[in-house]
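Participant: Chain residues, written in single-letter form:
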Amino acid sequence: MKLFKRAVIVVICLLLIPIAAVATAGAKQRFEDGPNRVFSGGPLVAGELHSGPDPDWGFVSEIPTIEMQLLDPAQSRRIWIAEYENKIYIWSGYMGNSIGRIWKQWPIQAERDGRAVIRINGVRYERQLQRIQSGDVLDGLTATITGKYPSATTRAAVEAGDVWVFEAAPRS
Amino acid sequence: MKNFYIFTAVAVVVTVLAVLLVPGVDDYVERTFQVYLGRAAR
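Those sequence lines, one after another, are chains D and S. Following numbering that gives the first Met the number 0 from start to finish, the first sequence increments by one per residue and tops out at 171. Following numbering that gives the first Met the number 0 from start to finish, the second sequence increments by one per residue and tops out at 41.
Keep in mind that the hints were calculated from the coordinates and are not lab data. Some clues are possibly wrong.
To be verified - Covered stretches of chain S (chain D as the covering partner; in silico rule of three or more C-beta atoms under 8 Å from a C-beta of chain D):
# : stretch
1 : 5-12
2 : 28-37
Stated by the list, open to error - Examples of chain D residues lying across from chain S (beta carbon under 8 Å, computed):
# : residue
3 : CYS12
4 : GLY40
5 : VAL44
6 : ARG111
Just so it is clear, CB atoms sit at the ideal spot from N, CA and C, and this is done for glycine as well.
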């Protein structure tokens, strides 16, 4: 019994090392201008703030990822983006399981307060995230997504709540 | 056992300092974490 107890203590102590590494890296990223990979970054500060009418969003087809920051909380993350009928969309998978919902907090936060800033090619755009849960637009949009990314996103997955889709609309 | 606790404490401190101060270590940690997180979420 004593040996077992010691073994447990040793395992816990050894686990502390990678846990400390991950926690430190995550905390460090919070003070950066923007995200890196999975850890949230701080507010998007650098870059010109776009004003005026929306551009032709077709260029985002060539953009693999963008940086997106919610105003509340003021944290940013790196995400995929798709353009469909000159509107831009972002989404989050893994929302149908508990690990995904712990990992992906931003969709829940965005549904509560959709004010956001996105940064693409160094230019910041003020947007309003509006969740889309159903509708024919999902057919074309999910086809665009699966054509651009190695993703299995389908209209059924969106309607089932496994994938949360948001239109990044202009903020009025 | 006391020596092991000291080793653990030193290792944790060195890890934290390395992530904070050594260029690229934070990115390596995040990349590795991303792999395991992705597997867990599938």
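Participant: Are there hints from earlier that the structure breaks, and if so, what are their numbers?
Facilitator: Violated hints: 4, 5 and 6; rest satisfied.
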